[in-house]
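Number of protein chains: 2
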Amino acid sequence: MEKMDLHTAFTLLEPGPVILVTTHDGHKSNIMTISWTMVMDFTPSFALTTGPWNYSYTALTQTKECVLSIPTIDLLDQVVGVGTCSGSTTDKFAAFGLTPLPAEHIKAPLIKECLANIECRVTEIMPEQHIVVLEGLEAWFDKERQETRTLHAKGDGTFIVDGHQLDRREMMRSKLPDGV
Amino acid sequence: MEKMDLHTAFTLLEPGPVILVTTHDGHKSNIMTISWTMVMDFTPSFALTTGPWNYSYTALTQTKECVLSIPTIDLLDQVVGVGTCSGSTTDKFAAFGLTPLPAEHIKAPLIKECLANIECRVTEIMPEQHIVVLEGLEAWFDKERQETRTLHAKGDGTFIVDGHQLDRREMMRSKLPDGV
Numbered sequence: 067m068e069k070m071d072l073h074t075a076f077t078l079l080e081p082g083p084v085i086l087v088t089t090h091d092g093h094k095s096n097i098m099t100i101s102w103t104m105v106m107d108f109t110p111s112f113a114l115t116t117g118p119w120n121y122s123y124t125a126l127t128q129t130k131e132c133v134l135s136i137p138t139i140d141l142l143d144q145v146v147g148v149g150t151c152s153g154s155t156t157d158k159f160a161a162f163g164l165t166p167l168p169a170e171h172i173k174a175p176l177i178k179e180c181l182a183n184i185e186c187r188v189t190e191i192m193p194e195q196h197i198v199v200l201e202g203l204e205a206w207f208d209k210e211r212q213e214t215r216t217l218h219a220k221g222d223g224t225f226i227v228d229g230h231q232l233d234r235r236e237m238m239r240s241k242l243p244d245g246v
Numbered sequence: 067m068e069k070m071d072l073h074t075a076f077t078l079l080e081p082g083p084v085i086l087v088t089t090h091d092g093h094k095s096n097i098m099t100i101s102w103t104m105v106m107d108f109t110p111s112f113a114l115t116t117g118p119w120n121y122s123y124t125a126l127t128q129t130k131e132c133v134l135s136i137p138t139i140d141l142l143d144q145v146v147g148v149g150t151c152s153g154s155t156t157d158k159f160a161a162f163g164l165t166p167l168p169a170e171h172i173k174a175p176l177i178k179e180c181l182a183n184i185e186c187r188v189t190e191i192m193p194e195q196h197i198v199v200l201e202g203l204e205a206w207f208d209k210e211r212q213e214t215r216t217l218h219a220k221g222d223g224t225f226i227v228d229g230h231q232l233d234r235r236e237m238m239r240s241k242l243p244d245g246v
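Chains A and B, in that order, give the protein sequences. Count along the first sequence from 1, then add 66; that gives the number in the working numbering. Count along the second sequence from 1, then add 66; that gives the number in the working numbering.
So that you can see chain A by itself, here it is in the shape it has in the complex (with noise of 0.2 Å):
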């Protein structure tokens, strides 16, 4: 994992693949599956929607700090399996076979065998609506990584494995942030 550059980490969100989300209590770490996730500026900020139905939430809201981390094809075990069951009965780094690195800025971890780690703090808390706000602190990146693509939840228990990419770079030079 080496440290990209902050401002260019929305592209690891903006393509709307399902991620990891990792924090930590103060005793123990956890990870949850998370589909629902939405880009929200450069800075970069992003949006969560989850609630007290997950088991991260109580860490998330308390610690207000979290990872986002994205998982490639040959995670989607992994990624199913953390979905499917609870932090309150499982160490799902250990179930699943998950290593925890130190991130730079908080106690929720990264994970190893992610292709890119976010270091997260939450800046917003909106109950009602069940959205977390967060804003980006630090970038990771494997660049070691072979299998870079990512999969994308349709929610009915089937995902769909990145294809070829277009390039429009030239057509929307005028709308991308600096440096990207």
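Incorrect hints may have been included.
Copies of one chain are not kept apart here, so a pair can be met inside one copy or by any two copies together.
[To be verified] No farther apart than 30 Å at their CA atoms in a straight line, the calculated lysine-lysine pairs in the BS3-like style are these:
| hint | residue 1 | residue 2 |
| --- | --- | --- |
| 1 | K130 | K241 |
| 2 | K220 | K241 |
| 3 | K178 | K241 |
| 4 | K209 | K130 |
| 5 | K130 | K220 |
| 6 | K94 | K241 |
| 7 | K178 | K220 |
| 8 | K220 | K209 |
Keep in mind the hints are simulated off the structure, nothing from the lab. From a predicted model like this one, the values you see are computed outputs, not experimental measurements.
Assemble the complex: chain A is given as a structure, and chain B must be docked to it using the hints.
Structure of chain B alone, referenced to chain A:
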């Protein structure tokens, strides 16, 4: 375009495709391109990040109506074109050869060329966070369409095309909403 089950419409947005959003300001219809969307629940409810920097924002917040249209890869140049000009000076339906179809519940039009359309009502506007929350009212799907692959904007002027699909329905059965 045929009606589809409204309670499965969240599966159109959950994979995180770039979408087109139509509005009608009382005089004319307009379209914007948006990637910053999030599913919020299965009813369905959705969030958009948008604000006064989008010309459509005035119509969206005043009429409290819009249509979320799902374009496929054959529409990429229209998607980029719509996203790089303003409705203040351009009739985007005419300029990009897109066909407005009347919606059932609202004045904002469906887009005939898109794979699917979701008629929506604005339920909440958070001007400070630039979040608009939507409730789906009716969903339409074009079953005749040959090209069904959607696009995922990376935010750097490139777009990822849907690749193949992986099935984990059995593993996820306990977590899926009824009827999906």
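Against the structure, the hints come out as follows:
1. K130 to K241: between (32 Å within a copy, 26 Å between copies)
2. K220 to K241: both (29 Å within a copy, 13 Å between copies)
3. K178 to K241: between (34 Å within a copy, 27 Å between copies)
4. K209 to K130: Only inside one copy: K209 and K130 sit 29 Å apart there, 45 Å across copies, limit 30 Å.
5. K130 to K220: Both ways: K130 and K220 sit 29 Å apart in one copy and 27 Å across, limit 30 Å.
6. K94 to K241: Answer is between; shortest inter-copy Cα gap is 25 Å, intra-copy 43 Å.
7. K178 to K220: both (26 Å within a copy, 23 Å between copies)
8. K220 to K209: both (28 Å within a copy, 18 Å between copies)
Of the numbered hints listed earlier, not one is contradicted by the structure.
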